[in-house]
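Got chain C; can you put chain Y on it based on the hints?
Sequence lines, in order, name chains C and Y.
Residue numbering for the first sequence follows my numbering, beginning at 320 and increasing consecutively.
Residue numbering for the second sequence follows my numbering, beginning at 320 and increasing consecutively.
FYI, nobody ran anything at the bench for these hints, they're computed from the structure.
Misleading hints may appear alongside valid ones.
Any copy, or any two copies together, can satisfy a pair, since identical chains are not distinguished.
What the hints assert, rightly or not - No more than 25 Å apart at the CA atoms, straight line, and that leaves these computed lysine-lysine pairs for DSS-like:
id : residue 1 : residue 2
1  : K663      : K541
2  : K401      : K677
3  : K447      : K403
4  : K403      : K607
Just so you know, these numbers come straight off a predicted model, no measurement behind them.
2 protein chains.
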Amino acid sequence: MKNLLIAQSGGPTAAINASLAGVLEKAFASPRIDTVYGGIHGIQGMLEGKVMSLSDRFAGNEKDLKRLYFTPDMFLRTCRYKMKSLNEDETDYKAMAELFRKYDIGYFLYTGGNDSMNTVAALSGYVKKQGLDVKVVGVPKTVDNDLVGIDHTPGFGSAAKYVAATVREVMLDTCLYPFENVAVVEIMGRDAGWLTASAALSPIEGWDVSPVILLPELPFEKKNFLEKVEEKLKKDRFCVVAVSEGVRYEDGTYVSAGEAKNDSFGHPLLSGTGRVLAGMIKEKTGAKTRSIELATAQRSAGHFSSATDLDEAYNLGYKACEYAINGITGVMSSLRRISDEPYKVEYETADVAEIADKVKNVPADWIDPQKAFVTEDMIRYLKPLIAGEPDIPIRDGLPDYIVM
Amino acid sequence: MKNLLIAQSGGPTAAINASLAGVLEKAFASPRIDTVYGGIHGIQGMLEGKVMSLSDRFAGNEKDLKRLYFTPDMFLRTCRYKMKSLNEDETDYKAMAELFRKYDIGYFLYTGGNDSMNTVAALSGYVKKQGLDVKVVGVPKTVDNDLVGIDHTPGFGSAAKYVAATVREVMLDTCLYPFENVAVVEIMGRDAGWLTASAALSPIEGWDVSPVILLPELPFEKKNFLEKVEEKLKKDRFCVVAVSEGVRYEDGTYVSAGEAKNDSFGHPLLSGTGRVLAGMIKEKTGAKTRSIELATAQRSAGHFSSATDLDEAYNLGYKACEYAINGITGVMSSLRRISDEPYKVEYETADVAEIADKVKNVPADWIDPQKAFVTEDMIRYLKPLIAGEPDIPIRDGLPDYIVM
Numbered sequence: 320m321k322n323l324l325i326a327q328s329g330g331p332t333a334a335i336n337a338s339l340a341g342v343l344e345k346a347f348a349s350p351r352i353d354t355v356y357g358g359i360h361g362i363q364g365m366l367e368g369k370v371m372s373l374s375d376r377f378a379g380n381e382k383d384l385k386r387l388y389f390t391p392d393m394f395l396r397t398c399r400y401k402m403k404s405l406n407e408d409e410t411d412y413k414a415m416a417e418l419f420r421k422y423d424i425g426y427f428l429y430t431g432g433n434d435s436m437n438t439v440a441a442l443s444g445y446v447k448k449q450g451l452d453v454k455v456v457g458v459p460k461t462v463d464n465d466l467v468g469i470d471h472t473p474g475f476g477s478a479a480k481y482v483a484a485t486v487r488e489v490m491l492d493t494c495l496y497p498f499e500n501v502a503v504v505e506i507m508g509r510d511a512g513w514l515t516a517s518a519a520l521s522p523i524e525g526w527d528v529s530p531v532i533l534l535p536e537l538p539f540e541k542k543n544f545l546e547k548v549e550e551k552l553k554k555d556r557f558c559v560v561a562v563s564e565g566v567r568y569e570d571g572t573y574v575s576a577g578e579a580k581n582d583s584f585g586h587p588l589l590s591g592t593g594r595v596l597a598g599m600i601k602e603k604t605g606a607k608t609r610s611i612e613l614a615t616a617q618r619s620a621g622h623f624s625s626a627t628d629l630d631e632a633y634n635l636g637y638k639a640c641e642y643a644i645n646g647i648t649g650v651m652s653s654l655r656r657i658s659d660e661p662y663k664v665e666y667e668t669a670d671v672a673e674i675a676d677k678v679k680n681v682p683a684d685w686i687d688p689q690k691a692f693v694t695e696d697m698i699r700y701l702k703p704l705i706a707g708e709p710d711i712p713i714r715d716g717l718p719d720y721i722v723m
Numbered sequence: 320m321k322n323l324l325i326a327q328s329g330g331p332t333a334a335i336n337a338s339l340a341g342v343l344e345k346a347f348a349s350p351r352i353d354t355v356y357g358g359i360h361g362i363q364g365m366l367e368g369k370v371m372s373l374s375d376r377f378a379g380n381e382k383d384l385k386r387l388y389f390t391p392d393m394f395l396r397t398c399r400y401k402m403k404s405l406n407e408d409e410t411d412y413k414a415m416a417e418l419f420r421k422y423d424i425g426y427f428l429y430t431g432g433n434d435s436m437n438t439v440a441a442l443s444g445y446v447k448k449q450g451l452d453v454k455v456v457g458v459p460k461t462v463d464n465d466l467v468g469i470d471h472t473p474g475f476g477s478a479a480k481y482v483a484a485t486v487r488e489v490m491l492d493t494c495l496y497p498f499e500n501v502a503v504v505e506i507m508g509r510d511a512g513w514l515t516a517s518a519a520l521s522p523i524e525g526w527d528v529s530p531v532i533l534l535p536e537l538p539f540e541k542k543n544f545l546e547k548v549e550e551k552l553k554k555d556r557f558c559v560v561a562v563s564e565g566v567r568y569e570d571g572t573y574v575s576a577g578e579a580k581n582d583s584f585g586h587p588l589l590s591g592t593g594r595v596l597a598g599m600i601k602e603k604t605g606a607k608t609r610s611i612e613l614a615t616a617q618r619s620a621g622h623f624s625s626a627t628d629l630d631e632a633y634n635l636g637y638k639a640c641e642y643a644i645n646g647i648t649g650v651m652s653s654l655r656r657i658s659d660e661p662y663k664v665e666y667e668t669a670d671v672a673e674i675a676d677k678v679k680n681v682p683a684d685w686i687d688p689q690k691a692f693v694t695e696d697m698i699r700y701l702k703p704l705i706a707g708e709p710d711i712p713i714r715d716g717l718p719d720y721i722v723m
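Just chain C, same shape as in the assembly (with noise of 0.2 Å):
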């Protein structure tokens, strides 16, 4: 009997917890594993020793576990907190491998994006190399959708869901009066499109109007894309733009040049490029325009969460846990698309080697420049990813969310 330890890393989804809930359910049913144990803010939370008992708060209270599945955020906590290379230092390796002799832990797993593949594939090559058995296992998430080794990534399809709801409101806002009207929602993604991308799923059947997207993935072409709008207002008096965050000029500048910060991964910090696009469309057209920045709202928005994606999530969770508990190492846990009509999906492992500092980004034959929108294949794509609307716990009119 050894003792598994989980924790969450990186951005915020409204699915991270529903794959806490699946890891809880598999290890409590598990003969193989006694306590578990949660890591606080993630790598920099336990290398200061934070750790708290999840099968103290959560076995046997099945009400909780249910409202876990549904909050959004991270019940554990995260970090920003990017450990070195092996090469570079080895004093947080050394750590964590304390830590996992302090708590007699078999089985680790780690939540969380790109980054925290990235740590999942070093600390489980340190670990077997100074003779721990400790099994390490990565749990995907990301709104960002941008990881590689993954059909699409936990977390992606709520935020998608929800991206796709509010852009068909916002036309439905903006199409009401009887002058030109423009709106321009910045959505998040710093160099994968694929949240701005779920845009094109906001049109309503028999109404032919549909949003501006521009995606990271190509460049920004000021011209083309004030004709694109005034085109709209010529065609329906308005225009919704649906435009990522991290929207480049050919030369690699930022559109939100001048408000770009950098953050502690070397990430650029971006806000603002709605406002610089209203600003841009507000000079060119003289028509009444508006930003719409959801910022952090879109990542969280547990309110109108997928039922595929928090089941998905759920999902990859539990068969982590599995996986770790067959002795597998090193990987992460994945799914394969089969089919996108029956929406059909297999799990898998990945192997997280394969998986760390790479970015998948929406492919060029899935944009449609000349048009502004995706392709066909990304609408077949997107599609199956936000149905089902999930049977949230309410109390007294909001959902029933859960903190530590």
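For chain Y alone, kept in the frame of chain C given last:
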């Protein structure tokens, strides 16, 4: 047998079409009403002769009436046109009287906020003087909840539910990091802080965390505000601020000053308050700060509307039609609260002359400036308005909205 004309005006809400559905159900069932017409783009469109038959579109079409009930914004579109006062210029009144004659209108229902009730008051007086037998009844709506003569306005409850859920989710998102983190959510409401106050419903039971709430009814005091944020950061390491777009300094200057422009009613068009506050907080505390600008998304969020709100909006429309049929004119369809718990309202009429040009602000004794929060009276008032989750028709994972 006379015909009925209905139009919609002002800013959209998630419940205006529910009122329209109520009007239609009553009108279709009434032997006193022949055809139901819809005026397109409010007064402005009707003055240009834009009228459609709603009988052709909806009579006997239960499925589309149901979709209409749940669709946010305005099926009949809107305008921002303000009729001149009768003393000033009779032209528009004459033109409306002409339209009433042309379509043999016996009942005119106008849905809107303060400005629209002004129109109802003036127009009902005018037709009476002209000896035209047209009953004019107002149907209230506004996410701002600033109409007098009614306990609360339809549309407000849905927006409040969405705002409260969003602020709850932003709190969960902002609390996650092991460093100081602040989010500022900018909420609609020029002069009345009701919608911003609904953030007071966001705290999670058992979690001693609440947002800082800034309403436009009290002058903004930078020093006190920053002290409050620092206090929250010290206690929780994070802080969420819910601020009305319309907060002003003691001297009347908008906090968003410099970004304010004017619309055709002479109201300042605000945006940027959240960004200004985020900048102040960043400068003072060094904490990571983000600004979230929901803008129009909050008034059009049909995907998370309040069942209580839609139900009341429907009833107010149904009753408005009933009042008109019964010969009542120059009134607004209204409701009075009988009790908070169990929540109970009674439907009644309000004299529209008593409503126009007045604004209902948050009472000073419902605000607690020391805590930067609201009082228990406010919570009791707000709580029932967000109750209930309507069974929204869904198609392919998104609300199945209807358009003209």
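Hints and how they fare:
1. K663 / K541: This pair counts as neither: shortest intra-copy Cα distance 40 Å, inter-copy 55 Å.
2. K401 / K677: within (16 Å within a copy, 57 Å between copies)
3. K447 / K403: within (18 Å within a copy, 81 Å between copies)
4. K403 / K607: between (49 Å within a copy, 23 Å between copies)
In summary, the structure is inconsistent with hint 1 from the numbered list given earlier, while agreeing with all the others.
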